[in-house]
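Protein chains: 2
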Amino acid sequence: MRQAGRYLPEYREIRARGADFLDVCLSPDLAVEITLQPIRRYGFDGAIVFSDILIVPHALGQKVWFVEGTGPRLEPLRRIEDLDRLSQGGMAEALAPVYETLRRLRRELPPEVTLIGFAGAPWTVASYMVEGGTSKDYALAKTWAYRAPAEFSRLIDLLVGATADYLIAQVEAGAEALQLFDSWAGVWPEAELRRWCLEPAKEIVRRVKTVYPDVPIIVFPRGAGLMYEAFAQEVGADALSLDTTMPLVWAREHLQGKVALQGNLDPLLLVAGGEAQRQATRAILDALASGPFVFNLGHGITPPTPPDHVSALVEQVRSWRPGS
Amino acid sequence: MRQAGRYLPEYREIRARGADFLDVCLSPDLAVEITLQPIRRYGFDGAIVFSDILIVPHALGQKVWFVEGTGPRLEPLRRIEDLDRLSQGGMAEALAPVYETLRRLRRELPPEVTLIGFAGAPWTVASYMVEGGTSKDYALAKTWAYRAPAEFSRLIDLLVGATADYLIAQVEAGAEALQLFDSWAGVWPEAELRRWCLEPAKEIVRRVKTVYPDVPIIVFPRGAGLMYEAFAQEVGADALSLDTTMPLVWAREHLQGKVALQGNLDPLLLVAGGEAQRQATRAILDALASGPFVFNLGHGITPPTPPDHVSALVEQVRSWRPGS
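If you read the protein sequences in the order shown, they are chains A and B.
Mapping to the working numbering: the first sequence position 194 is 195, numbers consecutive.
Mapping to the working numbering: the second sequence position 314 is 315, numbers consecutive.
Careful: at least some of the hints might be erroneous.
Copies of one chain are not kept apart here, so a pair can be met inside one copy or by any two copies together.
As the list claims (entries may be wrong) - In silico lysine-lysine, DSBU-like type, Cα no more than 35 Å apart, as pairs: (1) K137 - K203; (2) K259 - K137; (3) K259 - K64.
Hints in this document: simulated from the structure, not taken from any laboratory.
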């Protein structure tokens, strides 16, 4: 999950210099520094490269910009002809700064800290590309997919290819593990979740594993609920990220025998802190930490999080012992 | 689910006269007419009274208004002292127009059409009351609940009482079935889903059933995923509404033996129409219609829905036969 961000004064200081968010992601000096900030402060076991899932549409030629306070904006794709504006031709050049960031991070991070690369999953990225930004109900993207699945497939297939290439290139540049974020997976009925989320994730994992069979891949089908089991059985990922709603005992019994798990503290518990944060953290560790498990949040850290609450969390997780 | 709305020209005509949305809900002449519009046009088996879940905060004394295009706004509750501004004392008077609407509807509806009353569930209503409107991540309401559960309980308990009284009064006024909408249930970890959604629903059902044991109650824990099973086992409702993400075969096997089911066509399929709508409707009927079942959408109908698509849906549902 996102580790750096506006909850850290050292991050706000960099952002206050005024560079556009996308420019920050594409400036190795800044992206390296921001990636290292939470590692210096907290000594996490893994560092996730500072970037954004909308780097891929940008690299495919779509206009992407960020409006402070309201989030990302994109020149939307609304008709099949709009897809002709996209091309993988310029991807390597557009994404070169991310690879440079990864190469530098690999040199600068302590060797025991795993460097994690990531990408957005095709459906989540496609939803931004079609809607032109965040959306309440994804009406335009979903209606397009329902009405003209063959057209929508063209977009998803393009993203499957681009995303697999991007993840492979991140490993070449030094990423030691990969995460695929399907943040908006939880809006589909079962059949479409399979078609637009599960199958694309499976194909991306297959392509990456063909080149790098030993690099762990973590898939995050946020909001997939009952369908997490199908992801565990069918996608071929090494691990699944659990969102905050996933019941812990069910996850242990139905998923942890098949894949490693990662999760799932509610980021708002890290805002609340205190006893609520401690109890929930303890419940997660007691339920899942005896199997293959990476403690994490259930979604990205939010700006109002007091940095001290993160320190308390790290201390509690590091000192946990079974039955303690 | 919401049956009337901006997808109907006859509704848009009434709204174009310019009355505030809340005034429309509280004007029996208009609310009766709007409730009857979709019944006249489509001949549904049930009619849900035209109203809004934020009628209850309004009746408790919170300032509520609607901004065209952006949704509801409320003078937010942010500290425990803000709850002192709320009182059940004025509820009966404030809600009298809703009861008048129900009495008239009972007379005007064909006797074979079931009149359905409804309310928002405490958590969903509380989220609006605290946030002051719709919210992306419910950060203020959730953080309050995490940080000071005893304070948040005061708000939820107040809403449990007010909502039970309101539903009971709707039956007195002519409602023949009741629905409780927990539209934002899907944002909680398991423990908090139990505390803020499941337990309040159970207590409301208990109170209503004490007075009216034979009036069917439908509970809609939207987004509860795996926790639907606990709702089926523990809440005491007669039926559960399924959201659009719920896998059909799982729902049949794990829920339908315990409660009747209602659902769950994606409202955006009704926008798309055509083959996608037909296939998904057929899949729902084939999976669920042989058990206790009410065909419905998985969430409210949306403004861009072409009215003809609803006609096609009604025809398909009415003509479905097992194995056909």
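Checked hints:
For the homomeric pair K137 and K203, the shortest alpha-carbon distances inside one copy (27 Å) and between copies (29 Å) are both at most 35 Å. In this assembly of identical chains, K259 and K137 lie within 35 Å of each other by CA distance both inside one copy and across copies; the values are 34 Å within and 33 Å between. Taking the closest pair of Cα atoms, K259 and K64 never come within 35 Å of each other, the shortest separation being 40 Å inside a single copy and 51 Å across copies.
Checked against the numbered hints given earlier, this structure breaks only hint 3.
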